[in-house]
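Protein sequence lines correspond, in order, to chains A and B.
Heads up: the first sequence begins at 33 in the working numbering, then just goes up one per residue.
Heads up: the second sequence begins at -19 in the working numbering, then just goes up one per residue.
In case anyone wonders, no lab produced these hints; they're calculated from the structure.
In this text, all values refer to a predicted model and were calculated from it rather than measured experimentally.
Heads up, the beta-carbon is just placed ideally off N, CA and C, and yes, glycines get one too.
Worth double-checking, as some hints may not be accurate.
To be verified - For lysine to aspartate or glutamate, the following EDC-like pairs were computed, each having C-alpha atoms within a straight-line distance of at most 20 Å:
hint, chain 1, residue 1, chain 2, residue 2
1, A, K81, B, E82
2, A, K90, B, E82
3, A, K81, B, D76
4, A, K101, A, D117
5, A, K109, A, E47
6, A, K81, A, D117
Claimed, not checked - If you want a taste of the chain B side facing chain A, the calculated C-beta under 8 Å gives, among others:
hint, residue
7, G(-4)
8, H9
9, Y13
10, A18
11, G22
12, L23
13, F25
14, G38
15, F40
16, P42
17, F44
18, R75
19, G81
20, T83
21, F86
22, G89
Unchecked claim - So these bits of chain A aren't anywhere near chain B, every CB distance computed over 12 Å:
hint, residue
23, Q42
24, N62
25, K109
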Amino acid sequence: AQSVAQPEDQVNVAEGNPLTVKCTYSVSGNPYLFWYVQYPNRGLQFLLKYITGDNLVKGSYGFEAEFNKSQTSFHLKKPSALVSDSALYFCAVLGNTGKLIFGQGTTLQVKP
Amino acid sequence: EAGVTQSPTHLIKTRGQQATLRCSPISGHTSVYWYQQALGLGLQFLLWYDEGEERNRGNFPPRFSGRQFPNYSSELNVNALELEDSALYLCASSRDGTGRGETQYFGPGTRLLVL
């Protein structure tokens, strides 16, 4: 069965410091991996995805993610965090027949 | 380019009633997906429509149903509402449903409260 895990419920980082939000996956075959962000009382905003090719994927708002096949991970990163990055982040894998399978979500708190 | 739109933004119903939620996809997108985000349960896949046909449904009872119209907009119906149906219902659309890693773009959601 395909699954995604986000091992941290919350990540705290100081503004200006680098941030990492962790994600591991379990799929058979080649994975299609996504990161979304959700601000309070809002829908999900697409940040980036990995389909194939370069293991380092660049996305919106300065975010990037590194695909690591041997560790089955797809961690989200940003070199310098902003207070406005504080939100709920979801990692997802595109499963069979169209559905996105989401991790539990990680709350990112960036403090000034 | 307009994003995915959903209506209404909020909906309050009582137990046993029916709720109808609507979604308009991004222009040019043919696939529409519905997800439920309930407190403590995370994001769960409900339904997928493509070219007017139901392609897949998640592990939800039959009282959750929907359809896709010729203009690719979609409707989610929830019959015989139960308290645990209270959730944020998110609609997403993608260019197609070929499974080639197409991005699903989400709307702002409809928050359903069942009293």
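Here's how the hints hold up against the structure:
Among the hinted pairs, A:K81 with B:E82 is consistent with the structure: their alpha-carbon atoms are about 9 Å apart, no more than 20 Å. Restraint check for A:K90 and B:E82: satisfied, since their Cα atoms lie roughly 17 Å apart, inside the 20 Å limit. Restraint check for A:K81 and B:D76: the C-alpha separation of about 17 Å stays at or below 20 Å, so the hint holds. In summary, the hint linking A:K101 to A:D117 is not supported, as the alpha carbons are separated by about 27 Å, beyond the 20 Å threshold.
Restraint check: the Cα-Cα separation between A:K109 and A:E47 comes to about 14 Å, which is no more than 20 Å; the hinted pair holds. For the proposed pair A:K81 and A:D117, the alpha carbon gap of about 18 Å is at most 20 Å, so the pair holds. A distance limit of 8 Å between C-beta atoms decides the matter here; for B:G(-4) the minimum to chain A is near 27 Å, and the interface restraint is violated. Because the beta carbon of B:H9 sits about 13 Å from the nearest beta carbon in chain A, more than 8 Å, this interface hint is broken.
Among the interface hints, the one on B:Y13 holds; its C-beta lies about 7 Å from the nearest C-beta in chain A, closer than the 8 Å criterion. The restraint placing B:A18 at the interface with chain A is violated, with a minimum CB-CB distance near 13 Å, outside the 8 Å limit. The beta carbon of B:G22 is positioned within 8 Å of a beta carbon in chain A (closest approach about 6 Å), and the interface hint is therefore held. Residue-level restraint check for B:L23 holds (minimum Cβ-Cβ distance to chain A is 4 Å; threshold 8 Å).
For B:F25, the interface hint holds, since its Cβ comes within 8 Å of a Cβ in chain A; the closest pair sits about 4 Å apart. For B:G38, the shortest C-beta to C-beta distance to chain A is roughly 7 Å, which falls under 8 Å, so the interface hint holds. Given the 8 Å rule on beta carbons, the hint for B:F40 is violated: about 12 Å separates it from the nearest Cβ of chain A. Against a cut-off of 8 Å between C-beta atoms, the interface hint on B:P42 is violated, since the closest Cβ of chain A lies about 18 Å away.
Proximity of B:F44 to chain A is violated relative to the hint, the smallest CB-CB distance being about 14 Å (cut-off 8 Å). At a threshold of 8 Å, the smallest CB-CB gap from B:R75 to chain A is about 12 Å, leaving the interface hint violated. Because the smallest distance between the Cβ of B:G81 and any Cβ of chain A comes to about 4 Å, under 8 Å, the interface hint for this residue holds. At its closest, the beta carbon of B:T83 sits 6 Å from a beta carbon of chain A; the interface hint therefore holds under the 8 Å criterion.
Residue-level restraint check for B:F86 holds (minimum Cβ-Cβ distance to chain A is 4 Å; threshold 8 Å). Restraint check, B:G89 versus chain A: the minimum CB separation of about 5 Å is within 8 Å; hint holds. Every beta carbon of chain B lies more than 12 Å from that of A:Q42, the smallest distance being close to 15 Å; the non-interface claim holds. Listed as a non-interface residue, A:N62 fails to keep its Cβ farther than 12 Å from every Cβ of chain B; the least gap is roughly 9 Å.
Non-interface call for A:K109 relative to chain B: holds, since the shortest CB-CB distance, roughly 20 Å, exceeds 12 Å.
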